[in-house]
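Trainee: For reference, the chains in residue letters:
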Amino acid sequence: MTPESLVAASVAYVALMFLLAHAADRAAAAGRWRWMDRPVIYTLSLSVYCSAWTFYGAVGYASRSGLEFLTIYLGPGIVFSGAWWGLRRLVRVARMHRVTSIADLISSRFGKSAGLAALVTLIGVMAATPYIALQLQSVSMALSAFATPEHALPRNVSVWVALGLAAFAILFGTRNLAVDERHHGVVIAIAVEAVVKLAAFVAVGVFVIWGIADGPADVLARIDRMSVSAGGEGWPINPERWFTLILLSGAAVMVLPRMFHVLVVEASDEDRLRQAGWAFPAYLALMSFLVLPIAVVGADILPKGANPDLYVLDLPLSQGREALATLVFLGGFSSAMSMVVVSAIALSTMMANHWLVPLWLRLRQAALAGPARAPEDLGTLMLNARRLAILAIIGAGWLYHRMSGGTSALAAMGTVAFSGMAQVLPALVAGLLWRGATRRGAIAGVVGGTLIWTLLVFLPSLGLLAQPAMPAGIDPFAGAVLLALAVNLLLLVLISLMDFPEPAERLQSLSFVHAVAPDAAPGDGAPAVQPEALLTLAGRLWGNDHALETFRRAAESQGKGGYLPDLTPRFLADFERLLAGTVGAATAAALMTRVGGRGGVTVSDLMEVAGEASRAREDNRRLENTSAELARTAAMLRESNEKLTALSAQKDAFLGQISHELRTPMTSIRAFSEFLMEPDLPTEERARFAGIIHDEAGRMTRLLDDLLDLSVLEAGKARLKPGVFNLHDLIERALASAGAAASGRDFAIRRNIAAEHLPVITDQDRLLQVLINVITNARKYCSAEAPQIRIDCRRSPDGGTEIDIADNGPGISAGNQALIFEKFARLNDPARAGGAGLGLAICKEIMEFLGGSIAYLPGQGGACFRISLPPRPARRAENDENAAR
Amino acid sequence: MRLRPPRLFLGRTAYRRRRLAEATRLVPVLFAALVLIPPIWLPQHFSYARGAVWLAVAWALAIAATAALHRALGRPSAEDEDDA
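Chains as they are written, first to last, in our numbering: chain A, 1 to 885; chain B, 1 to 84.
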């Protein structure tokens, strides 16, 4: 193969990839992208980590420094073995915030800081420069391996390679302004290239292990021989480099712009890490363990002057395997191409979003919300900015390649890039795990670390500064990197600890650290912006159709027709996040401020958030209280309903009873008055019958008196005649009249005479009525063998008087206790009661009238009533009395 | 802010998932220990074929453990989303 035919093959290969990517993009546009969205495609696209450095440089690295080359793959291996916890969280948070790049993530976490985004972009560009140079150098080196004296390599081949790759990146990365910054076509092309480079590397590895060497055992023996061979001086492991490089590569797999792009931005969900978590390390392990045989066999059989970076090509060529060598070249070209294209896309997005657009916004103070004048197409502006950025990035890589002389070992250039980008790691990790990390801390850390890296690593690698002088015994590279990272972390932590972050930043930190979806920012209550202005802005970025569709869906979700949703805080927050998916969080926030006049968040707004949460809790508690109260009320209602039903039955029974009570004397009065009409009635008979009529009329009068008394008391028309009396006298009189009225049974009366001598201020007649009624009841209903009545008197703590009257009878059952004070209630058989069942109802009314109460005391070994008197009668009654006077 | 109050106790399936998720955190720690400590401690023993075999075996174990755990974890169920 001549270099010319290889170039032709490469061009054909690029064209093939182009067609593939184009077809995939078209399928995605038509909505048929499910098959591209598989975890296996995602895993293969991650292999963009294996650039030309892995393909060529790793073999050179291994033959110079032995197992140390493995550190570059062990770091990602460790990170991915913890993918479920770490990377999944990173992907979830980043997707939640529609992050477009590593710079966007850092800036978004630290309060959407435009400055931080620009700074991280700067580091990304600086670190990518040697990395892209590495790819260009590897392709031109690989071409030179095929060069023979008669087929000299064209001059400036690296320029053409750079231009070709830039064209490919521009064609794919900037075809349109994706809303979610995903590039289906590019991802498919990368996945296919991943297969190509793996196939090529496996082919050459198998050829070397079994074609040149005698299998794995022989390879191991050759490895052991390196300890004594001339080329093996670099092989013993250098502990500090071992540690530092594993740390760097572990960081690189997350923070390198291209890795962040395929790992986070192109991921449609975090679940695919379940497969990628083991499949990607497996891919890396396969690639990296094939490096060793190629390195040791190459060192054994190739001439001493051969460039170890080209062993992978030189070995098949030395054995006359042209076809294999061509496959290897295409594999190497694949790895270089995918790295440059993805890097260019990722970095150009960062540069455009974080450098060019903010600059443009600053330069143009023109109102963005005005009617869309045709030439002012923001989308086109963004795309052109990205195209320019791609050219600049690849151009810078080419420049680095020229300045470094195109002779450095590939791995050395790669580690420069890794250590530069790793300066973002402390801010990233702290930002995701520690709410206290602040913007100022992050900026200080990144600036400090990057300055040290620039002075001790980056500029020396270009030959612009001398290698730093480290204390003897310390590896200059490992020492410089660890120093930079330590200073970075220290500044971040110290300044964060002393800082008080802005409210917007605190909102973001909460959202990032706890992986909770960002809520609408507070303080957006009454936006001055019109929905039309936002629609115009969106139309300029995404094109009118897409913007209209987005707004229509938002309006629909609010239950509105048309294309103009209400500008609720939720919609504004979502809209800003959609914008962020295109232009980055900082720029989106700036645009929203510009268009909508959205003010910043203040500390009191933040407290408001907490206030809203606690208010919600408060409301909740109140609801619970209300419902408990409702339940209580319902229970009470049910109770009173039951009581009412029982009373209604009682009342019916009582009406029958009272009719009966009135009818019985009425009947006898009528009968005996008829007898009296008999003319020949003897005088004594006449007198007897008149006496009966008199008694029966008296019974009726008592009944009617009771009814009248009750109605007077209930209507509050009774008159109070208060006075001071000795309670003992009242009880004596009550006992006397009750005893006189009652049946002839002998009751033992147990009293504490001494305690009865209490002066009370009350209406004597009324109280007496109550006492007599209660004592009479006791006499009437107590069915004990040796009936007794117990009377206790005492002063209550509030100065009132309590009189307990108890008997030793059966008492009143719990079910009836609620009824006894009701009118018409009569519990026992009516024959024994002898009254109309109004006694206790009257007592209750009287006690209320006197300002006291009468209550049934359960559990006293019989029926027990407590009569409570207030220290003096209620004022209302006195007033009534005064008014009556 | 939608901070859900954490549930105090879980059913058997969710409980197993939590423990599996914790096991996935252990894998990188163990793997890092295997990869870092022996070569740093005894560089002369791990710089050649023995080191290569050691690292290959360790890595293969880590990949197998990750694959097994991720397989066992399965798709996250909606109710078990609050990790940590």
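By construction, these hints were calculated from the structure, which means they are not laboratory data. Keep in mind that this is a model prediction, so the values were computed, not measured. Cβ atoms here follow ideal geometry from the backbone N, Cα and C, with glycine treated the same way. Any given hint could turn out to be false.
What the hints assert, rightly or not - Rough simulated footprint, nothing fancy, chain B against chain A, three-plus residues with beta-carbon under 8 Å:
# : stretch
1 : 73-85
2 : 188-198
3 : 241-253
4 : 270-277
As the list claims (entries may be wrong) - Here are the simulated distance ranges between beta carbons:
#  : chain 1 : residue 1 : chain 2 : residue 2 : range
5  : B       : 56        : A       : 434       : 35 to 41 Å
6  : A       : 218       : B       : 57        : 52 to 58 Å
7  : A       : 469       : B       : 68        : 32 to 38 Å
8  : A       : 115       : B       : 68        : 42 to 48 Å
9  : B       : 72        : A       : 322       : 28 to 34 Å
10 : B       : 57        : A       : 447       : 40 to 46 Å
11 : B       : 8         : A       : 755       : 47 to 53 Å
12 : B       : 56        : A       : 436       : 57 to 63 Å
13 : A       : 466       : B       : 19        : 41 to 47 Å
14 : A       : 147       : B       : 57        : 39 to 45 Å
15 : A       : 214       : B       : 61        : 50 to 56 Å
16 : B       : 19        : A       : 447       : 51 to 57 Å
17 : A       : 218       : B       : 72        : 37 to 43 Å
18 : B       : 8         : A       : 653       : 41 to 47 Å
Trainee: A separate judgement is required for each hint: does it hold in the structure or not?
Mentor: Hints, one by one, checked against the model:
With 10 residues carrying a beta carbon less than 8 Å from a beta carbon of chain B, the stretch 73-85 of chain A meets the three-residue requirement, and the given coverage holds. Only when three residues or more bring their CB closer than 8 Å to a CB of chain B does the claim for the stretch 188-198 of chain A stand; here the count is 0, and the claim is violated. A stretch counts as covered by a chain when three or more of its residues have a beta carbon under 8 Å from one of that chain; for the stretch 241-253 of chain A and chain B the count is 3, and the coverage holds. Look at the stretch 270-277 of chain A against chain B: 4 of its residues bring a Cβ nearer than 8 Å to a Cβ of that chain, three or more, so the hint holds.
Distance hint check for residue 56 of chain B and residue 434 of chain A: the Cβ-Cβ separation is about 36 Å, which falls inside the suggested range of 35 to 41 Å. Between residue 218 of chain A and residue 57 of chain B the Cβ separation comes to about 19 Å, which falls outside the hinted range of 52 to 58 Å. At about 49 Å, the CB distance of residue 469 of chain A to residue 68 of chain B disagrees with the hint of 32 to 38 Å. About 45 Å separates the C-beta atoms of residue 115 of chain A and residue 68 of chain B, a value consistent with the hinted range of 42 to 48 Å.
Between residue 72 of chain B and residue 322 of chain A the beta carbons are some 48 Å apart, a value that contradicts the proposed interval 28 to 34 Å. Evaluation of the 40 to 46 Å hint for residue 57 of chain B and residue 447 of chain A yields a pass: the beta carbon distance comes to about 43 Å. Separation of residue 8 of chain B from residue 755 of chain A is about 59 Å and departs from the stated range, judged on CB atoms against 47 to 53 Å. Our hint of 57 to 63 Å for residue 56 of chain B and residue 436 of chain A is violated, since their Cβ atoms are close to 41 Å apart.
Hint check: residue 466 of chain A to residue 19 of chain B, Cβ distance near 55 Å, so the stated range 41 to 47 Å is violated. A C-beta distance of roughly 42 Å is found between residue 147 of chain A and residue 57 of chain B, which places it inside the suggested range of 39 to 45 Å. For the pair residue 214 of chain A and residue 61 of chain B, the supplied restraint of 50 to 56 Å is violated, since their beta-carbon distance comes to about 27 Å. Our hint of 51 to 57 Å for residue 19 of chain B and residue 447 of chain A is violated, since their Cβ atoms are close to 43 Å apart.
Remark: the range hint 37 to 43 Å for residue 218 of chain A to residue 72 of chain B is upheld by a beta-carbon distance near 39 Å. The hinted window of 41 to 47 Å between residue 8 of chain B and residue 653 of chain A is violated, with their beta carbons roughly 58 Å apart.
Hint violations for this structure: numbers 2, 6, 7, 9, 11, 12, 13, 15, 16 and 18, all remaining hints satisfied.
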